[in-house]
Amino acid sequence: GQVELGGTQAQVVVAEVDYHPADHQLVATVADHQLAATVADHQLAATVADHQLAATVADHQLAATVADHLLAVLAVDQGLSHDYQRSLRHLPREYH
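Per the UniProt record's numbering, residue 1 is the first one in the sequence shown, and the count goes up by one each step.
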């Protein structure tokens, strides 16, 4: 605008700052989406980790079950072998 200073005209330039609330909202929205995406990534990573942990636990349980079955089979085999050896002792020598 024009301002008069002591009879002299001086030009006053006011810097125009464009303020667009819509731009700020857009920036805020983008930030929100990035935050939401980050949260979703972390949740996904946590879910994947949970599934991996569950799978590992299941693997260990399976391994333990297999080991139990192997032990049981071994025990039966040893028992049968023991029974077989014992029965052989009762047979006459020519049957050995």
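Warning: the hint list may mix true and false statements.
Beta-carbon label-pair distances, calculated as ranges [what the hints assert, rightly or not]:
| id | residue 1 | residue 2 | range |
| --- | --- | --- | --- |
| 1 | Val48 | Leu71 | 43 to 53 Å |
| 2 | Gln85 | Thr47 | 24 to 34 Å |
| 3 | Gln61 | Arg89 | 50 to 60 Å |
| 4 | Arg89 | Asp50 | 55 to 65 Å |
| 5 | Gln61 | Ser81 | 39 to 49 Å |
| 6 | His90 | Ala58 | 27 to 37 Å |
| 7 | Ala37 | Leu74 | 52 to 62 Å |
| 8 | Val76 | Val39 | 47 to 57 Å |
| 9 | Ala28 | Asp68 | 52 to 62 Å |
| 10 | Ser81 | Ala45 | 21 to 31 Å |
| 11 | Pro21 | Asp41 | 44 to 54 Å |
| 12 | His60 | Val27 | 30 to 40 Å |
| 13 | Pro21 | Thr56 | 46 to 56 Å |
| 14 | Thr47 | Ala67 | 45 to 55 Å |
No wet-lab data here; the hints were simulated from the structure.
No residue lacks a Cβ here, since even glycine has one placed at the ideal position from N, Cα and C.
Do the hints match the structure? See the list:
Between valine 48 and leucine 71 the beta carbons are some 34 Å apart, a value that contradicts the proposed interval 43 to 53 Å. Between glutamine 85 and threonine 47 the C-beta distance comes to about 56 Å, which lies outside the given range of 24 to 34 Å. A C-beta distance of roughly 42 Å is found between glutamine 61 and arginine 89, which places it outside the suggested range of 50 to 60 Å. Restraint check, arginine 89 to aspartate 50: a C-beta distance of roughly 58 Å satisfies the suggested window 55 to 65 Å.
Look at glutamine 61 against serine 81: about 30 Å separates their beta carbons, and that is not inside 39 to 49 Å. Taken as a hint, the range 27 to 37 Å is violated for the pair histidine 90 and alanine 58, whose Cβ atoms sit roughly 48 Å apart. Between alanine 37 and leucine 74 the beta carbon distance is about 54 Å. The supplied range of 52 to 62 Å therefore holds. Checking the proposed 47 to 57 Å range against valine 76 and valine 39 shows it holds: the Cβ atoms sit about 55 Å from each other.
Between alanine 28 and aspartate 68, the C-beta spacing of about 59 Å keeps the proposed range 52 to 62 Å intact. Between serine 81 and alanine 45 the beta carbon distance is about 52 Å. The supplied range of 21 to 31 Å is therefore violated. Distance hint for proline 21 and aspartate 41: a CB-CB separation of about 30 Å, inconsistent with the stated range 44 to 54 Å. The hinted range of 30 to 40 Å is not satisfied by histidine 60 and valine 27, whose Cβ atoms lie roughly 49 Å apart.
Taken as a hint, the range 46 to 56 Å holds for the pair proline 21 and threonine 56, whose Cβ atoms sit roughly 51 Å apart. The given range of 45 to 55 Å is broken by threonine 47 and alanine 67, whose C-beta atoms sit roughly 30 Å from each other.
Comparing the model with each numbered hint stated earlier shows that hints 1, 2, 3, 5, 6, 10, 11, 12 and 14 do not hold.
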